[in-house]
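J.: The lines below spell out each chain.
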Amino acid sequence: MISPVTGEQPPLVALRDVSKRFASRMDLASRIAARVGAGPAQQVVRALDSVSLEVKQGEVLGLVGESGCGKSTLGRIVARILEPTSGERFWRGAPYSAFDGRSQRAERLAIQMIFQDPFASLNPRLRIVDVIGEAPVVHGLIGREDREAYVADLMARVGLDASTAKRFPHQFSGGQRSRIGIARALAVQPQFLVCDEAVAALDVSIQAQVLNLFIRLREELSLTYLFISHDLGVVRHLSDRVAIMYLGRVVELATAGEVFARPNHPYTQALLAEIPTIEPRKRAFQPIRGEIPSPLSPPPGCHFHPRCPHSTERCRREQPAFREVAPGHFSACHLNDTK
Amino acid sequence: MSAEPLLQVEGLRTHFFTKAGVVKAVDDVSFSVARGKVMGLVGESGSGKSMTGYSIVGLVDSPGRIVGGRILFDGVDLATLDPVAWRAIRGKRIAMIFQDPMMTLNPVLRVDTQIVEAVLAHAGVSRESALARAREALVRVGIASPDERLRAYPHQFSGGMRQRVAIAIALVNQPDLIIADEPTTALDVTIQGQILFEMQKICAESRTALIWITHDLSVVAGLADTVCVMYAGRVVETGRVSEVLGQPLHPYTRGLIDSVPSRNRRGEPLRQIPGMTPSLLGMGEGCAFRERCPAASAACASSPGVAELARGRFVRCFHPVGEPMAAASP
Numbered sequence: 000m001i002s003p004v005t006g007e008q009p010p011l012v013a014l015r016d017v018s019k020r021f022a023s024r025m026d027l028a029s030r031i032a033a034r035v036g037a038g039p040a041q042q043v044v045r046a047l048d049s050v051s052l053e054v055k056q057g058e059v060l061g062l063v064g065e066s067g068c069g070k071s072t073l074g075r076i077v078a079r080i081l082e083p084t085s086g087e088r089f090w091r092g093a094p095y096s097a098f099d100g101r102s103q104r105a106e107r108l109a110i111q112m113i114f115q116d117p118f119a120s121l122n123p124r125l126r127i128v129d130v131i132g133e134a135p136v137v138h139g140l141i142g143r144e145d146r147e148a149y150v151a152d153l154m155a156r157v158g159l160d161a162s163t164a165k166r167f168p169h170q171f172s173g174g175q176r177s178r179i180g181i182a183r184a185l186a187v188q189p190q191f192l193v194c195d196e197a198v199a200a201l202d203v204s205i206q207a208q209v210l211n212l213f214i215r216l217r218e219e220l221s222l223t224y225l226f227i228s229h230d231l232g233v234v235r236h237l238s239d240r241v242a243i244m245y246l247g248r249v250v251e252l253a254t255a256g257e258v259f260a261r262p263n264h265p266y267t268q269a270l271l272a273e274i275p276t277i278e279p280r281k282r283a284f285q286p287i288r289g290e291i292p293s294p295l296s297p298p299p300g301c302h303f304h305p306r307c308p309h310s311t312e313r314c315r316r317e318q319p320a321f322r323e324v325a326p327g328h329f330s331a332c333h334l335n336d337t338k
Numbered sequence: 000m001s002a003e004p005l006l007q008v009e010g011l012r013t014h015f016f017t018k019a020g021v022v023k024a025v026d027d028v029s030f031s032v033a034r035g036k037v038m039g040l041v042g043e044s045g046s047g048k049s050m051t052g053y054s055i056v057g058l059v060d061s062p063g064r065i066v067g068g069r070i071l072f073d074g075v076d077l078a079t080l081d082p083v084a085w086r087a088i089r090g091k092r093i094a095m096i097f098q099d100p101m102m103t104l105n106p107v108l109r110v111d112t113q114i115v116e117a118v119l120a121h122a123g124v125s126r127e128s129a130l131a132r133a134r135e136a137l138v139r140v141g142i143a144s145p146d147e148r149l150r151a152y153p154h155q156f157s158g159g160m161r162q163r164v165a166i167a168i169a170l171v172n173q174p175d176l177i178i179a180d181e182p183t184t185a186l187d188v189t190i191q192g193q194i195l196f197e198m199q200k201i202c203a204e205s206r207t208a209l210i211w212i213t214h215d216l217s218v219v220a221g222l223a224d225t226v227c228v229m230y231a232g233r234v235v236e237t238g239r240v241s242e243v244l245g246q247p248l249h250p251y252t253r254g255l256i257d258s259v260p261s262r263n264r265r266g267e268p269l270r271q272i273p274g275m276t277p278s279l280l281g282m283g284e285g286c287a288f289r290e291r292c293p294a295a296s297a298a299c300a301s302s303p304g305v306a307e308l309a310r311g312r313f314v315r316c317f318h319p320v321g322e323p324m325a326a327a328s329p
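Protein chains in written order, with numbering that gives the first Met the number 0: chain A, 0 to 338; chain B, 0 to 329.
There could be a bad hint or two in this list.
Quick look at which bits of chain B chain A covers, simulated, 3 or more residues with Cβ under 8 Å [what the hints assert, rightly or not]:
id, stretch
1, 186 to 198
2, 216 to 227
3, 251 to 257
Chain A residues, not near chain B, derived (Cβ > 12 Å throughout) [said to hold, decoys possible]:
id, residue
4, ARG45
5, THR84
6, SER96
7, ARG107
8, ALA320
Think of the hints as simulated: they come from the structure by calculation, not from any bench.
On a predicted model such as this, the values are computed, not experimentally measured, just so you know.
Ideal Cβ placement from N, Cα and C applies to all residues, glycine included.
Bound-form chain A, shown alone (with noise of 0.2 Å):
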């Protein structure tokens, strides 16, 4: 689908005004006691707070952020894992809704996710040609008896010896399992990868190979990458563009030269000088004060007001705007008004 207006092609995924929330569920009594203002309310936590994204054709997007941000929410409601509370998805232009249907399964299917845990992700009791060939036989992708050449293929391609698919996921290590996890996502050829943490749980010169595995398929199969990951070094490593979460808000968006060169947020720089580097120095760490604030209860205006050493009065009532600080690099700080 082309833009009549300008001729350029839509971004392959887009998320716009996306929210989720959730509650948890109250019982009758609990209820009653809310209704009349006896019993405590019921808990909401904002795991996204409005986040507007675009993931372009062929761009590997890097998200980034601490525990809790609500990265692997937005992750999880990128590939159809969760439905938003509000908000609109779109991929290639038309939303998430238009492909419900059972005509339009191969779009459904380009969007696959690979997850953090390659031990927790895969089911003990299945044999690797029945993790890797399921799916794509059930779609109807390959007929049954085509799977085992199928399943051959795709262990080749992610580096894995074909004479194991008769064994079990425990007979493999992590690394082998991260590399299994990969080929189930690439079996129903998708477009778009959602990679939770995906390197997160391997050995530093395990991840190094998983990583390059993800550098090469990218390039054989054209591929686009959401790629999740707390860690800046594997991040600035891999991806065209960053975007940098807080507590369920974007609060910068740049290429990663451009945001690791020239951080504007002051939680952004705050990030920026905690990653630990290898080049040998003694160095004195210099904390950012304070913890991530609980979701359940964010604090009002920019919500990395209480451990900003920048805070002012604005910041603790009014939310900063997402605006361009310079041409394609987003921030959202109110300093930038002030600078």
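With chain A fixed as given, assemble chain B onto it according to the hints.
T.: Below, chain B alone, put in the same frame as chain A:
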């Protein structure tokens, strides 16, 4: 700096006698740590780094057992101690911090009970002064409103705060040596930064020696004075941090450093170490790294000994990396 190191480990061997065979989890490990110094013990999973730490505090469970070597702590060989003598040292003079603070903390006891218990186990003081020490320990690890926090249960703390409590328990008896087993691995970067900051300060102030066990070279780079790299149960390289990271001698250390993303050009394939870590079960003769090593030769089929190539620089390799590494562009 005192000439005599506080802890000197010589030829330590901890083996596990399983049905499937002998697992040499720690095999001929030697290093030393001086008072007030930080040593990084680096290795991947299964390299024996945690088991080395457990051996020093005497926490090796059956079917594992220390089968050789000496652990000289302030002149006493810990490996020969009986369990009663061990208990007098563990928690008092040597403390351990685990990766998961819930391994240290009892979920059904309040924090004050747990810290006071640690004090009373080793010091003949009243409950009141034990409580005062507990409060002081919480302040030292940077916990705000300690009086309130003392009366809380572990589940009321965040992950980073729990780890601070575990560190407070380790500190409360003012140990001479702290062994920290990946205490910040499960934490966020900003929280990790805070805890590294506290530990660095505490060790410098109280001249406590610290062994920091980790898989993360970059943590060691900023924190430690010396580093000891382990692979498959053996120490492959030791030396000052700046020297080991700046000019690694063992091909494994060099491979690890080369595979760090910041040492590579953005977007290019990372330089990787081929293959995977070998199983420790039935490990044969020879250098354990030779299958993955670019410099391996026929000589590597027999085990290389430890050689001191420069002052304080020990390496276990027949073919140490010769030329200095090109400094990475910032």
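J.: Any hints from earlier that this structure breaks? Give me their numbers in increasing order, please.
T.: When the structure is compared with the hints, none of them turns out to be violated.
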